[in-house]
Amino acid sequence: MQRLLVFLTAISLIPLLCNSFSPENPTDRRLLVLLDDFSLKSTHSIFFQSLKSRGFDLDFKLADDPKLSLQRYGQYLYDGLILFSPTTESFGGSLNLGAVLDFVDSGHDLILAADASPSDLIRNVATEFGVDFDEDSSAVVIDHTNYAVSETEGDHTLIASDNFIQSDVILGKTKIEAPVLFKGVAHSLNAANSLVLNVLSASPSAYSSNPIFKSSRPPSLTGSAISLVSVVQARNNARILISGSLDLFSNRLFSSVVQKAGSSHKYKKSGNKQYVTELSKWVFHERGHLKAVNIRHHKIGETDEPAVYRIKDDLDFSVEIYEWSGKSWEPYVANDIQVQFYMMSPYVLKTLITDQKGLYYTSFKVPDIYGVFQFKVEYQKLGYTTLSLSKQIPVRPFKHNEYERFITTAFPYYGASFTTMAGFFIFSFIFLYNKSQ
Amino acid sequence: MAARNLSGFLVLVLVIAICEAAFVFHPITDAHRSAALDLFTPLDGSFSSLEEAYEALRSFEILGIDKKPDIRSTTCHSVLETLGSSSSSPKDLYHALRVNGILKCEVKEELFEGIVLSLKAIVSSASSLLEFYYSIGSLALIKDQSSNANVLLSDAAGVFRSIKALSQSDGRWRYGSNNPESSTSAAGLAFKALAGVIALASSEIDQAMLGTLKNDISKLFDSVEKYDDGAFYFDEKVVEAHEHQGPLSTTASVVRGITALADVTSGNIKLPGDKILGLAKFFLGIGVPGDTKDFFNQIDSLASLENNRVSVPLILSLPATVLSLSKKDQLKVKVNTVLGSNSPPLTVKLVRASRSGSKDGSIIESQDLKFDKESDSHFLDLPKTVDVGKFVFVFEVVLHDSELEKVYATGGQTQVPVFITGFIKVENAEIAVLDSDLGSVESLKKLDFAGESIVLLSANHLQKLRLSFQLTTPLGLAFKPHQLVEKLVRLQVFLKLRHETKVDHIFVVGNSGKKFEILLDFLGLVEKFYYLSGSYDIELTVGDTVMENSFLKAIGKIELDLPEAPEKAPRPPLQPVDPYSRYGPKAEISHIFRAPEKRPPKELSLAFLGLTFVPLVGFLIGLLCLGVNFKNFPSSAVPATFAILFHLGIAAVLLLYVLFWLKLDLFTTLKVLGFLGAFLLFVGHRILSHLASSSAKLKSA
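In order, the protein sequence lines correspond to chains S and A.
Heads up: the first sequence begins at 1 in the UniProt record's numbering, then just goes up one per residue.
Heads up: the second sequence begins at 1 in the UniProt record's numbering, then just goes up one per residue.
Source of the hints: derived by calculation from the structure; they are not laboratory data.
Watch out, some of these pointers could steer you wrong.
[To be verified] Okay, the calculated bits of chain S under chain A, using three or more residues with CB under 8 Å as the criterion:
1. 40–47
2. 182–195
[Said to hold, decoys possible] Non-contacting residues of chain A with respect to chain S, defined by C-beta distances greater than 12 Å in every case (computed):
3. S85
4. A121
5. K370
6. A432
7. S440
8. S700
[Claimed, not checked] Derived pair list, reagent style DSBU-like, types lysine-lysine, alpha-carbon separation capped at 30 Å:
9. K68/A / K273/S
10. K502/A / K464/A
11. K445/A / K553/A
12. K598/A / K399/S
13. K445/A / K268/S
No residue lacks a Cβ here, since even glycine has one placed at the ideal position from N, Cα and C.
Whole structure, please, built from the sequences with the hints as guidance.
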């Protein structure tokens, strides 16, 4: 019976394994959604439905489910984690802060949504990614000049923001017309963390404070230092989305009418749905994931890759770069990809020319320094995965017979030698056969 | 598990309650109608199950949606299939009959008769609550759908007793006689089943039995739970691992059971009106669920409450709770049933309105709102004495016909928080730089917040900066700041100084009795400013939730001259890097090759090459002048041959040197030279010995 059970488990896992995250197919497939309460499935159903319709398997669990586990037998069971549990003080099962960090460290993606007064656990997870939620646990973002006009909400905590990050890869090519509604807690970005990006920022007049009690102290977070939604792309290309508002993903804000204070234009629907959908596409690697293949280099006029270059050789370098579109690899077109010819420091740094079909190429002369060089393509662009390729190649000096042979400057020396030789030859006749009279 | 689910739901509902501006419930609106059309979308013209089809059809029916998807033919087909199949369980039959009740598919009477017989057999042998529920429910449905089928139960009292046997002392019920766990949801199912039994009974049910049932109901209502906002709901004490057993489905089940019972007992069941209203508030407080099951439960329960025989809840709602003084908004109140139908004639009374959080007396007391027939709402013009602020309005609904008080539940007094907003004038704003020791004003500038002008100031660390202004509320009374602060809700008066390096400092502008004022003593602030001299932008933010003209304005620049930073002074914090400039292509690097050694011009080398020929030419001319001859050349054949060979050898060696220069390597050259040398040695020896012997002969001669 037990054997049969094991067999059935193995069989049922096979399709999962085949579908899972791989370098060739970088889009996530299996997502674990941790909730404080199952009713969130209903109040945030549009968001979950949009994920399901894009082919994700969603596994809903309560955040304190005692059977929670991200991995089994050293294999991760999920490709992504959605933490919609802002009040959870500790996860159930084997999941804890360390397990979440390990999950991200192994290249998996995370969406974390907090809400007013997030728990310490959620704060700690966010802090690890360079995001600090306002320490005052009762504080929320208030903005008296950029709030969403509402006939029933007068406390200006529903923020209508359109300070999006300017990046087509993160937010998609279609412009988000309507402002995004946000209601929740403010966070600031750790200035020492260069990987975290603010993708939705508050207006300069916003501040973070308790909406009910008055305080005479200046608020800890104000103005543009407040980040409403942030993303992180780790060095291993794991992507993390941190939002200060769980309502941002809710059906209610998805379908609500937006009118920004001070503006007479009324949008029929908020930009939340588009914004969140596009962000989730980015987070789950449906966009902005690059791969580089076929790094090639050879001497000009040849086709084979040499084992070594001589100094001052002219060479051709080419690489192919593709972007994952969620279904297939499409040629990536950009004009800022650079190659370095590198030994301790770059000796040559050149921008590659593209043929618009994914091929990038250039040619240059090997420097007159010998040693072990590398071709390096270090490509970092806002929102795209980092490309870091290197290929080692030695460079040798000239061989003794490769120097210039007949130098004009030396012709007088040659001339002197050969005239001496000619003189000697003539002299040998004279010396031997001259008969003095 | 139950506690967790409960607390989670509590949080959710509280969040929603806060979002919906606490304690205001709105009846079903068009948002539900459009959501219903989005939620219930059939796949390929049909729903996956009859249960889902019923939920969709019933929701559309309740909401009065005409533009529903056309699923009649496919759904009717599966209804007939289910009804015709002998293997259909009571549950399948129940769902099929429910769908049939709405779609009115053409079902043959004989089919009903067969089903009725088998259902009756199930009822008489049933032991579990669900069996009773589905089979009795099906029979009750057939009663409505077929005129001929004999659905009446002969032993209604027996069935009633066997269902009643499942009840527990705390008002909850068990699912089966061998299942010890009791459930609130099951109570709802049992009530519904009992209602069916009463409706199907061929003779009157004993009143005593109904009396015990009423007792059960009141016991069940003892366990009802309550939120702060007045919403009542039922929840399971022990939640099984079933997904939809949240408070919503439990409460929905109870509400359906109670209303069904009330219908068949012609209003014999008495329940306090506020609990019924509380249940309605619970369903309305959920908003628009995104799950079909939740949506159906919400809409179906509200529909049961809409026309129930216990008491019909009336919901008092305000279309707007943010009222603007500048736009002269009226206070409007609507009273509707839960599904948004009109209420009976009634008067809404504003019992009192008082400032939220203040102990002052109320500003308005007991006023009746006027009724406007066209918009079907009650309204009141705000009295002139009302100023901005956050208020709590207390309303009471008085029905004109006091007889109706028994039919409708109005819930007594309703508290509604209301924001009254208006323009707040900023006046007498001035900014000045003061000398510290004397306090004398060095430069004083008036500020005009309407214009775009900015002021330019300069100060050193021994001076002070003073900013002051007055705020006046729409009533035109120049309030003292502390009174004003009390009126305002979330007053935000910040002064921000931003250095060129983006390091900024926020100060809260306080009030000094008469006006808002801030005095910045730069001497005490140098450390806070990180000793950064230079130009600072001054920004003033004045805002409040009830201030319609909240603003953020750059009012000027100040050139600060601060002392040099001492060694241990704190450094300004790191500023985040601009994400756009962080990436991007680097400047290209091209290798600078070592310059080739300098060489003389070609002409010079060639000229010197020419010069090297001069000695050879001189040598040849000298030889000609000397008159050289070759008389010593051997005349006989053998020595002459050797002589020629010897000189050819020498020529070959020299040629070898030329070849060595041109292309040969050292090894080839030495090899060839070895052979040539041996040859030269031989022929040289021969010719030289010949010449030596011939000269010796000459001498001796």
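So, against the hints stated earlier in the document, which numbers end up violated here?
Per hint list: single violation, 13.
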